[in-house]
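Please take these sequences and the hints and turn them into a complete structure.
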Amino acid sequence: MPRDYDLLGADAKSAVANGLVTEDWYRTHLDRKTMKALMKRADQPAIWDTVVLFGSMIAFAGAAIALMPSWWSVPFWLSYGVLYGSAMDSRWHECGHGTAFKTRWMNRAVYQVACFCMIRDPHCWKFSHARHHSDTVIVGRDPEVAIMRPVVVVRMAANLVGLTDMWDGLKRMIRHTGGRILPDEADYMDPVFFAKTIRTARVWIVIYAATLAAALLLQSWIPVLLIGLPRLYGCWHMVLCGWLQHGGLADNVLDHRLNSRTVYLNPISRFIYWNMNYHVEHHMFPLVPYNKLPDLHEACKFDFPAPNTSFFDAYTEMLPALWRQRKDPDFHIRRQLPDTANPYHDGPARAAA
Amino acid sequence: MADWVDACATDDIEEEDVIRFDHGSRTFIIVRDHEDNYYCTDGLCTHEEVHLSDGLVVEATIECPKHSSIFDCTNGEVETPPACENLHTYPTKVENGRVFVEI
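Listed in order, the protein sequences are those of chains Y and U. Counting from 1, one number per residue, gives the positions in the first sequence under our numbering. Counting from 354, one number per residue, gives the positions in the second sequence under our numbering.
Relax, there's no trap hidden among the hints.
Chain Y regions said to be covered by chain U (calculated; three or more residues, Cβ under 8 Å):
hint: 1; segment: 22-36
hint: 2; segment: 121-131
Below, a list of computed lysine to aspartate or glutamate pairs in the EDC-like style, where the Cα atoms sit at most 16 Å apart:
hint: 3; chain 1: Y; residue 1: Lys33; chain 2: U; residue 2: Glu369
hint: 4; chain 1: Y; residue 1: Lys301; chain 2: Y; residue 2: Asp339
hint: 5; chain 1: U; residue 1: Lys446; chain 2: U; residue 2: Asp389
hint: 6; chain 1: Y; residue 1: Lys102; chain 2: U; residue 2: Glu432
hint: 7; chain 1: Y; residue 1: Lys102; chain 2: U; residue 2: Glu369
hint: 8; chain 1: Y; residue 1: Lys40; chain 2: U; residue 2: Asp386
hint: 9; chain 1: Y; residue 1: Lys36; chain 2: U; residue 2: Glu368
hint: 10; chain 1: Y; residue 1: Lys33; chain 2: U; residue 2: Glu367
hint: 11; chain 1: U; residue 1: Lys446; chain 2: U; residue 2: Asp356
hint: 12; chain 1: Y; residue 1: Lys36; chain 2: U; residue 2: Asp407
hint: 13; chain 1: Y; residue 1: Lys36; chain 2: U; residue 2: Asp370
hint: 14; chain 1: Y; residue 1: Lys33; chain 2: U; residue 2: Glu368
hint: 15; chain 1: Y; residue 1: Lys33; chain 2: U; residue 2: Asp370
hint: 16; chain 1: Y; residue 1: Lys36; chain 2: U; residue 2: Glu412
hint: 17; chain 1: Y; residue 1: Lys102; chain 2: U; residue 2: Glu412
hint: 18; chain 1: U; residue 1: Lys446; chain 2: U; residue 2: Asp386
hint: 19; chain 1: Y; residue 1: Lys40; chain 2: U; residue 2: Asp370
hint: 20; chain 1: Y; residue 1: Lys301; chain 2: Y; residue 2: Asp31
hint: 21; chain 1: Y; residue 1: Lys40; chain 2: U; residue 2: Glu368
hint: 22; chain 1: Y; residue 1: Lys36; chain 2: U; residue 2: Asp386
hint: 23; chain 1: Y; residue 1: Lys36; chain 2: U; residue 2: Glu367
hint: 24; chain 1: Y; residue 1: Lys33; chain 2: U; residue 2: Asp407
hint: 25; chain 1: Y; residue 1: Lys33; chain 2: U; residue 2: Asp365
hint: 26; chain 1: Y; residue 1: Lys102; chain 2: Y; residue 2: Asp49
hint: 27; chain 1: Y; residue 1: Lys40; chain 2: U; residue 2: Glu367
hint: 28; chain 1: U; residue 1: Lys446; chain 2: U; residue 2: Glu388
hint: 29; chain 1: Y; residue 1: Lys40; chain 2: U; residue 2: Glu412
hint: 30; chain 1: Y; residue 1: Lys102; chain 2: Y; residue 2: Asp43
hint: 31; chain 1: Y; residue 1: Lys33; chain 2: U; residue 2: Asp364
Honestly, the hints are just simulated from the structure, not real lab data. If you're wondering where the values come from, they're calculated on a predicted model, not measured in any experiment. C-beta atoms are modelled at their ideal positions from N, C-alpha and C, and glycine is treated no differently.
This is the structure we're talking about:
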């Protein structure tokens, strides 16, 4: 069946009519004491990670600049880029939830920096992500579906270097600068924030213009390699991880075990991605901080399908499904639950089928 | 006219925690803060009607378990979006180890 991902389109209306816009999502039962312990906030882990992140960015950028124009600078630019274009995505995400730090201003400060790096308006994306959590992969409702069906391989490949995402971010920023809020944004965002969005875009465009001007004046690539371009050349890790979150799995269901994926990753990827590889857990319990997700994973194991054991294992599962979804958008992976688990909660769409 | 309703025992709620309290057709939360003060507010988040009783209490605030909106339980004011509308709060009193709410 064809899908209309437009938030103001036909599927948005049918999602409401079909009872998919609801709070009736499946949640694994964990006792209150366990949940309280898991939700408890702390500053220390995120302060350490943030010092390491920004310290590494400064060190990589410094080495890259010192080695310019030699080709030896390239690995340092690539390392800087992946921290800017990928790690900032996970910082945007965790700080947007307010779960990274216990101290609120720290969440807000890192969130603002990460939003700028990712070219995501802080207010729009706060509401966009709230909708993503309300209506995860509900067609016509979720504004953050990374892989739409039917799958278009060229579009996915282009986004490996951020072409579609960055273009979208720039277009929105330019329109906000002109005082315009887009219809999809108006659908999920409270109007009280429109003026702040416009103000933010105007500040950002001045920063980008100054960066470009510096590059031209200095006749140097360095300013744009530091600000802006890493969103393109460093986003591949974010994209590769992001596709795994929901790719090839069910849509229009009310159970995150059906539409989200948990994957075991190496420690470097987990640092860059801030543990969002525990994605079923995150969607089911979004108040649990990134550093507690491994514990949450252990607590929920009895009720979840087995996680993918590596990038390779997850892609081996997902890619054939995506290939098939080019022609058959209804196809999806449905994983086996352990004997100890509660049955899947498909929701009204499947029940009616 | 509002009545004082016996909602729970004081030790039904741990320090910095919350319980759900249903009365008639309505749902509320009773919050105990870090200094043993008790508060009662509406039980559903003003953003998308999620039960706040699954949320996180820090001092005298409650954080919605779904979208992380934070409300000040002393006056119901929303402190962080996506919620933009305040919660209704209800007077509470503690007598003989019981929490009463004026509803």
